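Number of protein chains: 2
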Amino acid sequence: MSIQEQQTKLNIGLFGFGVVGEGLYKVLEHTPTLNAQIKKVCIRHPHKKRNAPAELFTTDADLLLNDDSINVIIELIDDSAAAYNIVTTALRKKKAVVSANKKMIAEHIEELIALQLLFDVPFLYEAACCASIPIIRNLEEYYDNDLLQGLSGIVNGSTNYILTKVSKERISFNDALKQAQEAGFAESDPSLDVNGIDAVNKLSILLAHAYGIITPPDALIHTGIQNLNNDDAIFAKEKGYEIKLVAQARKLADGNIAAFVAPQFIESDNQLASVKNEYNGVVIESSLADKQFFYGKGAGGFPTASAVLSDLSALRYNYKYEYKKLRYQVPSALTDDFYVKVCISFKALLQVPHERFDKILEWSSNEQRCHVTGILHFSELVKSNWWKQPNVSIVFYPDAIIDNYVPEKTGVLQEEFVEQLC
Amino acid sequence: MSIQEQQTKLNIGLFGFGVVGEGLYKVLEHTPTLNAQIKKVCIRHPHKKRNAPAELFTTDADLLLNDDSINVIIELIDDSAAAYNIVTTALRKKKAVVSANKKMIAEHIEELIALQLLFDVPFLYEAACCASIPIIRNLEEYYDNDLLQGLSGIVNGSTNYILTKVSKERISFNDALKQAQEAGFAESDPSLDVNGIDAVNKLSILLAHAYGIITPPDALIHTGIQNLNNDDAIFAKEKGYEIKLVAQARKLADGNIAAFVAPQFIESDNQLASVKNEYNGVVIESSLADKQFFYGKGAGGFPTASAVLSDLSALRYNYKYEYKKLRYQVPSALTDDFYVKVCISFKALLQVPHERFDKILEWSSNEQRCHVTGILHFSELVKSNWWKQPNVSIVFYPDAIIDNYVPEKTGVLQEEFVEQLC
Numbered sequence: 001m002s003i004q005e006q007q008t009k010l011n012i013g014l015f016g017f018g019v020v021g022e023g024l025y026k027v028l029e030h031t032p033t034l035n036a037q038i039k040k041v042c043i044r045h046p047h048k049k050r051n052a053p054a055e056l057f058t059t060d061a062d063l064l065l066n067d068d069s070i071n072v073i074i075e076l077i078d079d080s081a082a083a084y085n086i087v088t089t090a091l092r093k094k095k096a097v098v099s100a101n102k103k104m105i106a107e108h109i110e111e112l113i114a115l116q117l118l119f120d121v122p123f124l125y126e127a128a129c130c131a132s133i134p135i136i137r138n139l140e141e142y143y144d145n146d147l148l149q150g151l152s153g154i155v156n157g158s159t160n161y162i163l164t165k166v167s168k169e170r171i172s173f174n175d176a177l178k179q180a181q182e183a184g185f186a187e188s189d190p191s192l193d194v195n196g197i198d199a200v201n202k203l204s205i206l207l208a209h210a211y212g213i214i215t216p217p218d219a220l221i222h223t224g225i226q227n228l229n230n231d232d233a234i235f236a237k238e239k240g241y242e243i244k245l246v247a248q249a250r251k252l253a254d255g256n257i258a259a260f261v262a263p264q265f266i267e268s269d270n271q272l273a274s275v276k277n278e279y280n281g282v283v284i285e286s287s288l289a290d291k292q293f294f295y296g297k298g299a300g301g302f303p304t305a306s307a308v309l310s311d312l313s314a315l316r317y318n319y320k321y322e323y324k325k326l327r328y329q330v331p332s333a334l335t336d337d338f339y340v341k342v343c344i345s346f347k348a349l350l351q352v353p354h355e356r357f358d359k360i361l362e363w364s365s366n367e368q369r370c371h372v373t374g375i376l377h378f379s380e381l382v383k384s385n386w387w388k389q390p391n392v393s394i395v396f397y398p399d400a401i402i403d404n405y406v407p408e409k410t411g412v413l414q415e416e417f418v419e420q421l422c
Numbered sequence: 001m002s003i004q005e006q007q008t009k010l011n012i013g014l015f016g017f018g019v020v021g022e023g024l025y026k027v028l029e030h031t032p033t034l035n036a037q038i039k040k041v042c043i044r045h046p047h048k049k050r051n052a053p054a055e056l057f058t059t060d061a062d063l064l065l066n067d068d069s070i071n072v073i074i075e076l077i078d079d080s081a082a083a084y085n086i087v088t089t090a091l092r093k094k095k096a097v098v099s100a101n102k103k104m105i106a107e108h109i110e111e112l113i114a115l116q117l118l119f120d121v122p123f124l125y126e127a128a129c130c131a132s133i134p135i136i137r138n139l140e141e142y143y144d145n146d147l148l149q150g151l152s153g154i155v156n157g158s159t160n161y162i163l164t165k166v167s168k169e170r171i172s173f174n175d176a177l178k179q180a181q182e183a184g185f186a187e188s189d190p191s192l193d194v195n196g197i198d199a200v201n202k203l204s205i206l207l208a209h210a211y212g213i214i215t216p217p218d219a220l221i222h223t224g225i226q227n228l229n230n231d232d233a234i235f236a237k238e239k240g241y242e243i244k245l246v247a248q249a250r251k252l253a254d255g256n257i258a259a260f261v262a263p264q265f266i267e268s269d270n271q272l273a274s275v276k277n278e279y280n281g282v283v284i285e286s287s288l289a290d291k292q293f294f295y296g297k298g299a300g301g302f303p304t305a306s307a308v309l310s311d312l313s314a315l316r317y318n319y320k321y322e323y324k325k326l327r328y329q330v331p332s333a334l335t336d337d338f339y340v341k342v343c344i345s346f347k348a349l350l351q352v353p354h355e356r357f358d359k360i361l362e363w364s365s366n367e368q369r370c371h372v373t374g375i376l377h378f379s380e381l382v383k384s385n386w387w388k389q390p391n392v393s394i395v396f397y398p399d400a401i402i403d404n405y406v407p408e409k410t411g412v413l414q415e416e417f418v419e420q421l422c
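So the protein sequences, as listed, match chains D and V. Heads up: the first sequence is residues 1 to 422, going by my numbering. Heads up: the second sequence is residues 1 to 422, going by my numbering.
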């Protein structure tokens with residue numbers, strides 16, 4: 001059997017020629033066995049100097065999208081609205097598509113799945129989630145039976161870099177953010193990372209492949225590290241924890257799924273504690289295999305190019321995501337009906353309706369901050385947003401999701417503590 | 001599209017009803033969405049009590065192999081000669097086969113690949129390598145382009161359990177082996193584990209999927225922890241290393257592959273250092289994605305059943321290994337032409353032909369042991385076996401493979417040291 005018989009020759013139209021795009025171009029040039037070549041690159045700024053022949057470039061998207069000899073579109077641009085147009089147009093023209101745009105994919109995942117089926121064409125996006133970690137492919141292929149109990153991951157490198165710096169070097173969150181920006185791990189507008197939006201976009205994509213759940217990311221409870229402060233870091237340290245920003249999903253006893261993105265205390269023997277700086281890591285729990293851990297670089301030009309390349313490689317063999325949990329099983333449903341163990345830190349007691357805790361387990365205060373640890377019904381976080389207000393921070397405990405909790409409704413702080421705080 | 005249209009209904013003939021087999025039976029009973037059922041189980045001891053209906057069992061292999069309604073054979077027996085007969089017969093009868101028998105697969109991999117192609121039928125064996133870690137599937141699917149620079153893994157849980165105990169609790173190798181046996185992590189005859197044979201069987205399987213290299217495991221240089229002693233453990237500790245039994249392969253500058261199994265000093269920031277007790281872990285290096293790490297339980301009933309289950313799940317969609325590197329590319333070749341940095345420890349200098357080192361970097365001795373660190377041409381380990389003799393141990397350094405080494409031929413111990421030792 002010759003290579004040609006087995007593989008589809010990939011004729012690529014590339015959108016974007018930043019670090020990832022240029023890296024990809026170079027690898028394809030030097031790796032003829034990949035049987036793929038970039039025919040045309042669509043860019044926004046025609047006058048910028050490029051390390052490739054001038055005739056490769058155009059500013060006219062239609063030149064790529066209407067070229068019948070181009071059978072693969074790779075979309076690597078920042079602008080998610082433009083990316084949406086490129087991807088949906090390409091799918092409608094029955095071109096295979098590879099994208100790394102997590103925001104665009106998360107926000108349109110239902111339509112994008114439907115278009116793939118309608119036009120019977122692959123749309124792959126391993127690079128959109130943890131870059132070099134093949135998490136989507138593993139959820140699709142290896143965890144496609146229904147024994148997946150949960151997943152929890154550090155899926156945003158910028159915030160993990162900041163949290164590592166704060167924990168290790170005891171610098172302030174602000175200084176750590178500055179260092180992250182200088183090191184190139186955070187955008188000049190870092191709010192998408194810092195507020196947990198990037199992480200929840202990824203969680204939304206993971207949920208589709210892990211449990212067949214289609215949900216807009218903004219419908220998922222999420223918060224980032226924006227309100228964490230150095231007192232929280234000290235509080236964690238004293239208890240022997242690290243704080244990490246964790247995206248997680250867990251199957252409850254009734255088969256429904258709990259899912260959210262929030263800071264969490266991580267015990268030192270949890271594999272996520274070993275994920276430092278800009279790295280990503282995902283722990284998968286299945287009912288038979290116990291815990292498994294995937295670790296690698298979650299962002300950056302080369303790791304992203306590596307994931308795009310693996311998608312290209314898969315396209316040569318006509319690989320498609322099957323979305324098996326969604327299409328061939330009764331998909332699981334998201335639920336808010338469970339309890340969680342959290343630590344709330346705040347400046348003024350008035351900010352926190354402490355009576356809504358089912359049970360308060362621990363409280364402390366010093367001149368700067370108060371910390372209350374207790375058990376809350378998760379729907380409280382859905383219904384209200386006091387826990388997201390400035391100067392209030394929330395950190396989930398290890399094993400925060402309490403599935404079989406029997407409410408005690410004793411959630412009121414002792415009077416003397418309230419007096420102390422006021 | 002209905003489930004029936006998409007999926008093949010799996011009618012299973014199972015060989016072996018030990019922990020894995022029984023676990024699998026229970027999961028399939030309770031998980032109708034898997035669309036798979038065990039029709040018949042072939043066992044050796046008909047009078048042993050089984051937790052399943054009596055009519056399920058037979059001692060007649062042909063009853064399974066000749067049953068046309070059985071389209072999948074799962075082979076989970078210890079006896080590798082019998083397993084070979086079962087698997088090859090089943091493939092010839094065009095039944096899909098799932099096996100966990102690493103020894104049998106490693107020793108017959110070329111024939112088993114040929115039979116799959118000849119009879120156009122899938123043969124999956126994820127459970128044979130690191131059980132619950134989907135390493136074969138990832139090498140097949142995700143690292144199928146030729147950018148894989150190397151892999152190094154802890155692939156044998158028993159020896160890792162022993163090494164962890166020796167390092168953490170400072171007990172002797174013998175006592176640690178006894179504990180491993182008591183904990184069920186080592187066989188009553190542990191020599192396959194301890195001598196590195198189990199690990200090299202797995203390396204042989206990994207090489208087929210990683211680089212398209214087909215090699216009998218006994219042609220690969222391998223040694224285990226059988227000659228390590230507590231002085232080696234102390235030596236490692238003093239240098240800030242852990243000793244791990246590592247299976248590794250690395251692409252050299254000329255495109256050829258270096259591969260072997262041996263104890264290695266591991267630095268604390270290497271992810272393999274975090275693999276404790278009976279766990280397994282594999283680090284994969286690709287030229288773009290840097291290092292990635294896969295971690296999970298590498299043995300035991302449930303993790304093995306989990307991998308078998310994932311293979312079953314893949315069979316429903318007619319998944320096959322493609323052996324892409326072997327079939328669609330020019331596969332890489334194994335080489336002995338490189339240098340390695342090793343530490344040899346020994347009792348008497350006569351045992352060690354120190355003049356065959358290209359360069360000696362460090363030496364020390366105490367009343368019990370001598371340690372020599374130096375650079376050796378790898379072919380020396382192929383040609384001779386002084387380094388495997390009783391009372392001689394070899395431990396590779398981190399980054400042991402030196403690709404671009406310029407020989408200095410200064411490999412003689414200083415005279416005063418020789419005098420000291422003799």
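If you're looking for bench data, these hints aren't it; they were derived computationally from the structure. Each hint should be verified, as a subset may be incorrect.
What the hints assert, rightly or not - According to the in silico footprint, chain D covers these stretches of chain V (three or more CB under 8 Å from chain D):
{"#": "1", "region": "129 to 135"}
{"#": "2", "region": "300 to 307"}
{"#": "3", "region": "384 to 392"}
To be verified - 20 Å max Cα-Cα, derived EDC-like pairs, lysine to aspartate or glutamate:
{"#": "4", "chain 1": "V", "residue 1": "K276", "chain 2": "D", "residue 2": "D269"}
{"#": "5", "chain 1": "D", "residue 1": "K276", "chain 2": "V", "residue 2": "D68"}
{"#": "6", "chain 1": "V", "residue 1": "K276", "chain 2": "D", "residue 2": "E267"}
{"#": "7", "chain 1": "D", "residue 1": "K320", "chain 2": "V", "residue 2": "E267"}
{"#": "8", "chain 1": "V", "residue 1": "K26", "chain 2": "D", "residue 2": "D290"}
{"#": "9", "chain 1": "V", "residue 1": "K276", "chain 2": "D", "residue 2": "D189"}
{"#": "10", "chain 1": "D", "residue 1": "K276", "chain 2": "V", "residue 2": "D290"}
{"#": "11", "chain 1": "D", "residue 1": "K359", "chain 2": "D", "residue 2": "D336"}
{"#": "12", "chain 1": "D", "residue 1": "K26", "chain 2": "V", "residue 2": "D290"}
{"#": "13", "chain 1": "D", "residue 1": "K168", "chain 2": "V", "residue 2": "D269"}
{"#": "14", "chain 1": "V", "residue 1": "K39", "chain 2": "V", "residue 2": "D68"}
Model, not experiment: these values are computed from the prediction. Beta carbons are placed, not taken as given, at the ideal position from N, Cα and C, and that holds for glycine.
Verification of the supplied hints:
1. 129 to 135: holds (count 4)
2. 300 to 307: With 5 residues closer than 8 Å to chain D, the region 300 to 307 of chain V meets the three-residue bar; holds.
3. 384 to 392: Violated: only 0 residues of the region 384 to 392 of chain V have a Cβ under 8 Å from chain D.
4. V:K276 / D:D269: holds, 11 Å
5. D:K276 / V:D68: violated, 54 Å
6. V:K276 / D:E267: Distance of about 16 Å is within 20 Å: holds.
7. D:K320 / V:E267: violated, 40 Å
8. V:K26 / D:D290: Given pair K26 (chain V), D290 (chain D) holds - Cα atoms ~17 Å apart, limit 20 Å.
9. V:K276 / D:D189: Judged against 20 Å, a Cα distance of about 41 Å means the pair is violated.
10. D:K276 / V:D290: Satisfied, since the Cα-Cα distance of roughly 15 Å is no more than 20 Å.
11. D:K359 / D:D336: Since the Cα atoms of K359 (chain D) and D336 (chain D) sit roughly 18 Å apart, the hinted pair holds (cutoff 20 Å).
12. D:K26 / V:D290: holds, 17 Å
13. D:K168 / V:D269: Holds - the C-alpha atoms of D269 (chain V) and K168 (chain D) are around 15 Å apart, at most 20 Å.
14. V:K39 / V:D68: Holds. K39 (chain V) to D68 (chain V) sits at ~12 Å (cutoff 20 Å).
Violated hints for the displayed structure, listed by number in ascending order: 3, 5, 7 and 9.
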